[in-house]
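Take the given structure of chain A and dock chain B to it, following the hints.
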Amino acid sequence: MSKKSTKPGESTSMDMGEMQRLIDLGEKNGLAELEVEKSGVRVRIKYTRDNPMAPAASPATLVHASSTPVASSASQPATAAAPPVETPSWEEDKDVFLVKSPIVGTFYGAADPQSPPFVKVGDRVKVGQVLCIVEAMKLMNEIESDVAGEIIKVFVQNAQPVEYSENLFAIRTHS
Amino acid sequence: MDEVTVRKIDKLLNLLADHATLVVSGEKIARELGVSRSSVWNWIEKLRALGCEIEGVQTTGYRLKKLPDLLSPQLVRRELANSNFGKTIHHFFEIDSTNKYAVKLAMEEAAEGTVILAEEQTAGLGRLGRAWYSEPLKGIYCTVILRPSLPPAKAPLINLAAALAVHDAVQRINPLKMDIRWPNDLIADGKKFCGILAEMNQELGRIHWVTLGFGINVNHTKFPAELAEIATSLRLVTGKNWSRLELTGQILKALESSIRSMERDSGREVIRRWSAISSFADRKPVVITLDGASYRGVTAGLDENGFLKVQRDDGSLETVYTGSVREAH
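Just so you know, the protein sequences line up as chains A and B, in that order. So for the first sequence, this note's numbering puts the first residue at 1; every next one is plus one. So for the second sequence, this note's numbering puts the first residue at 1; every next one is plus one.
So that you can see chain A by itself, here it is in the shape it has in the complex (with noise of 0.2 Å):
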């Protein structure tokens, strides 16, 4: 399974990897325009053919097909209709702190299928706080947060793969 770090788009329940190799679909064949649905999530994906080269920066506007509503930190109801949301950029906030993963392994939110998970987002953590488990064959790495802050976004579901230095939460460290 090849996984790239992406810029995080609207929250769904389509991995980024996903994402990422839908985009990458696209561009490749030279399409305006792309559209998908899976599990009640439908993406569509614009090409600006002028920059080419920045493909994540494209446009990608999220439609959930579901009237659940999502938790989101972007203000905007993203709707169909919608104008383009703005990508959080949090590699420039530097009030935002991305916990990344060490190695390359998979991402357990809580220590055993039985319990909670370690944090959610809207969690006040402390430096050297558990936020998850990345195993590897058997090798378990609890990851601890290096800053105090909230946690504003969750990367990875639970038992998906994770790739070396793939972001696994974001962190605000002032509020």
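No lab work stands behind these hints, which were simulated from the structure alone. Treat the hints loosely; a few may be bogus.
As the list claims (entries may be wrong) - Reference listing, derived: stretches of chain B covered by chain A, where coverage requires no fewer than 3 residues with Cβ under 8 Å from a Cβ of chain A:
1) 195-205
2) 316-328
Stated by the list, open to error - Straight-line Cα separation of at most 25 Å, SDA-like style, residue types lysine to any residue; simulated pairs:
3) B:LYS191 - B:ARG326
4) B:LYS284 - B:GLY315
5) B:LYS104 - A:LYS153
6) A:LYS120 - A:ASN158
7) B:LYS66 - B:LEU245
8) A:LYS100 - B:HIS208
9) B:LYS104 - A:ALA110
10) B:LYS154 - A:ASN158
11) B:LYS154 - A:LEU168
12) B:LYS8 - B:LYS65
13) B:LYS100 - A:GLN129
14) B:LYS191 - B:LYS222
15) B:LYS11 - B:VAL35
16) A:LYS100 - B:GLY205
17) B:LYS100 - A:GLU142
18) B:LYS66 - B:PRO136
19) A:LYS120 - B:ARG130
20) A:LYS126 - B:LEU105
21) A:LYS126 - A:LYS153
22) B:LYS192 - A:PRO113
23) B:LYS154 - B:GLY315
24) A:LYS153 - A:SER165
25) B:LYS154 - A:ASP146
Yeah, the Cβ is synthetic: ideal placement off N, Cα and C, and Gly gets one too.
Positioned in the frame of chain A, the structure of chain B alone reads:
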């Protein structure tokens, strides 16, 4: 049993082992142990209760007839010669989990090669909160603290090295037909006799510590019904009792040398040897299960990090990071 008692028992076992076949006077025992002469009898009784055969020689002292197969620190060290692993050993007659205790020691800066051994675990740990069945005095329940000079990304390979260490130790004592199921289950007669589970703490691209836990079924003669189909012991496989002391010593020595080899070559030799021994390395039909979902495929070797490559039935190539790997039937 409290810590002082455990330490005194260790000392007494070592004293008697030092003078095996000779008579050790009650006076000498009292002096070495720091107990009164009148209580020496009580200490000898404690050892007898643990399976030590000791002859009381009228008025002169005690003679050891047979050492028990206890993983007492000084007895284990007798098996280790000059190895660095096992220089410090914490021994428990009963503990919740050797892994849990090792993590605590590692956070308190315990040195590399510190070993935690227990005769019984009351809450032995398996993967993701599962239990490890730890029958008293029958198995080796052991955790080693490592501080290897390796990038964290290479740390998972330690689990392959650990499986090799157990394989090599068993082979050295009594050669038998074994397999290693990816990544680190030791299999004999189609059933598992050793499980290995590691935990890592790292920061800024450096490994602080790894705790490497072994649960080895050695002299078990039976298993609870729910395990009988999947678990075995060296005793059940070979029909004879094994010295846990000897096996522990061999494992620690083999482990130390394979960890050092990984630091030299980033694990290349470990991957090569693992692949030569395990039937799971190549062209094995398998079922991979992760988080409730399964797929089938055929194994296609390990990558440079020790991850298992699997060619799925639909033709795509998958890299397995974790999850259960079982032979497909």
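### Task
Decide if the proposed pair is consistent with the structure: LYS66 (chain B) and PRO136 (chain B), CA atoms, cutoff 25 Å inclusive.
Satisfied, since the Cα-Cα distance of roughly 20 Å is no more than 25 Å.
### Query
Hey, LYS100 (chain A) versus HIS208 (chain B), does the alpha-carbon distance stay inside 25 Å?
holds, 17 Å
### Query
Is LYS192 (chain B) close enough to PRO113 (chain A), meaning Cα to Cα at most 25 Å?
This hinted pair holds, its Cα atoms lying about 23 Å apart.
#### Entry: Hint consistency between LYS104 (chain B) and LYS153 (chain A) [alpha-carbon to alpha-carbon, up to 25 Å]
Status violated; Cα separation ~31 Å.
### Query
Taking only the CA atoms, is the gap from LYS153 (chain A) to SER165 (chain A) under or equal to 25 Å?
holds, 16 Å
### Query
Quick check: the stretch 316-328 of chain B, covered by chain A? Criterion 3+ residues, Cβ under 8 Å.
holds (count 5)
### Query
For the pair supplied as a hint, LYS11 (chain B) and VAL35 (chain B), is the alpha-carbon distance within the 25 Å limit?
holds, 12 Å
### Query
Can the restraint linking LYS100 (chain A) and GLY205 (chain B) be considered satisfied, given a maximum Cα separation of 25 Å?
At roughly 11 Å apart (the allowed maximum being 25 Å), GLY205 (chain B) and LYS100 (chain A) satisfy the hint.
### Query
Between LYS66 (chain B) and LEU245 (chain B), is the straight-line Cα distance small enough, at 25 Å or below?
Answer holds: LYS66 (chain B) to LEU245 (chain B) is near 14 Å, not above 25 Å.
### Query
Taken at face value, is the distance from the CA of GLY315 (chain B) to the CA of LYS154 (chain B) at most 25 Å?
Since the Cα atoms of LYS154 (chain B) and GLY315 (chain B) sit roughly 28 Å apart, the hinted pair is violated (cutoff 25 Å).
### Query
Within 25 Å, alpha carbon to alpha carbon, are LYS191 (chain B) and LYS222 (chain B)?
Distance of about 13 Å is within 25 Å: holds.
### Task
Sort out whether ASP146 (chain A) lies within 25 Å of LYS154 (chain B), counting only the CA atoms.
Roughly 22 Å between the alpha carbons, so the hint for LYS154 (chain B) and ASP146 (chain A) holds.
Consistency note: the structure conflicts with the earlier hints numbered 5, 23.
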